[in-house]
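J.: Sequence:
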Amino acid sequence: MLKLLIVDDEKKVCQLIEYILDWKNLGISIIGTANDGETAYKKILEEEPDIVITDIRIPIYDGIEIIKKTREQGLDVSFIIISGYSQFEYAQSAIQFGVVNYLLKPIKKKELQISIEKIIKKKETKNAFEKENKVLKKHLAINEQNNRANFLKDLLTISPEKEDNYFQRKEIEDINKKYSCNFQQGYFF
Numbered sequence: 001m002l003k004l005l006i007v008d009d010e011k012k013v014c015q016l017i018e019y020i021l022d023w024k025n026l027g028i029s030i031i032g033t034a035n036d037g038e039t040a041y042k043k044i045l046e047e048e049p050d051i052v053i054t055d056i057r058i059p060i061y062d063g064i065e066i067i068k069k070t071r072e073q074g075l076d077v078s079f080i081i082i083s084g085y086s087q088f089e090y091a092q093s094a095i096q097f098g099v100v101n102y103l104l105k106p107i108k109k110k111e112l113q114i115s116i117e118k119i120i121k122k123k124e125t126k127n128a129f130e131k132e133n134k135v136l137k138k139h140l141a142i143n144e145q146n147n148r149a150n151f152l153k154d155l156l157t158i159s160p161e162k163e164d165n166y167f168q169r170k171e172i173e174d175i176n177k178k179y180s181c182n183f184q185q186g187y188f189f
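Using this note's numbering, read the sequence shown as starting at 1 and increasing by one per residue.
Check before you lean on any hint, since a few could be wrong.
The calculated DSSO-like cross-link candidates involving lysine-lysine, where the alpha carbons are at most 30 Å apart (straight line), are [as the list claims (entries may be wrong)]:
1. K153 <-> K68
2. K134 <-> K105
3. K118 <-> K11
4. K105 <-> K118
5. K11 <-> K42
6. K177 <-> K138
7. K108 <-> K153
8. K11 <-> K69
9. K177 <-> K153
10. K109 <-> K122
11. K110 <-> K68
12. K105 <-> K42
13. K134 <-> K121
14. K11 <-> K105
15. K108 <-> K24
16. K153 <-> K3
Computed spacing ranges between beta-carbons, pair by pair [said to hold, decoys possible]:
17. E72 <-> N182: 32 to 38 Å
18. E48 <-> N176: 41 to 47 Å
19. A128 <-> P106: 15 to 21 Å
20. K42 <-> K137: 20 to 26 Å
21. E48 <-> L26: 30 to 36 Å
22. K105 <-> N182: 58 to 64 Å
23. Q92 <-> N176: 33 to 39 Å
It is worth saying that the hints were derived from the structure and are not from the lab. These figures come from a predicted structure and were not determined experimentally. In this text, a Cβ means the ideal position worked out from N, Cα and C, and glycines have one as well.
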């Protein structure tokens, strides 16, 4: 289940967001609310939510500062900004930090739902990609181990009459490519 943090200095707005969508049905649990930027940032560090819906103008740290600080920590959090202000500078700053959407108050259920569904789809795609990447890396590691084992087996089973010209027949690059090794030209003791 994805985790959601709601940040707004107006408690009624936080409550509205809590009840505007069927979060459980969307696969999202609300981990809490915060009414100022400092509290929100601490909760982000402690709880590592997947999604944060934040007002842009809140006490202590504003919404943009929260996003910036979170990005500096390298946390993978999707942000939706809500604001009563349609000023271009706010939207421009939000876009710069990769905000999913910039919604104007009063919040419209349909707009919020579309933004949340976009995040869910993005997270599902990312998770599927990471899972597939993990499997591929595992297979690659197994193949490299098998190639190296086969190389050593081939090396150990060379008949004495072939031993002198074995490495003359096979170029080092071919061996490295075939067996996923990194041999260099020359003799080593």
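J.: Hint by hint, say whether it matches the structure.
T.: Verification of the supplied hints:
no. : hint                      : in the structure
1   : K153 <-> K68              : 55 Å, violated
2   : K134 <-> K105             : 42 Å, violated
3   : K118 <-> K11              : 26 Å, holds
4   : K105 <-> K118             : 20 Å, holds
5   : K11 <-> K42               : 18 Å, holds
6   : K177 <-> K138             : 19 Å, holds
7   : K108 <-> K153             : 67 Å, violated
8   : K11 <-> K69               : 23 Å, holds
9   : K177 <-> K153             : 17 Å, holds
10  : K109 <-> K122             : 20 Å, holds
11  : K110 <-> K68              : 27 Å, holds
12  : K105 <-> K42              : 25 Å, holds
13  : K134 <-> K121             : 20 Å, holds
14  : K11 <-> K105              : 14 Å, holds
15  : K108 <-> K24              : 19 Å, holds
16  : K153 <-> K3               : 51 Å, violated
17  : E72 <-> N182: 32 to 38 Å  : 37 Å, holds
18  : E48 <-> N176: 41 to 47 Å  : 42 Å, holds
19  : A128 <-> P106: 15 to 21 Å : 35 Å, violated
20  : K42 <-> K137: 20 to 26 Å  : 35 Å, violated
21  : E48 <-> L26: 30 to 36 Å   : 19 Å, violated
22  : K105 <-> N182: 58 to 64 Å : 59 Å, holds
23  : Q92 <-> N176: 33 to 39 Å  : 50 Å, violated
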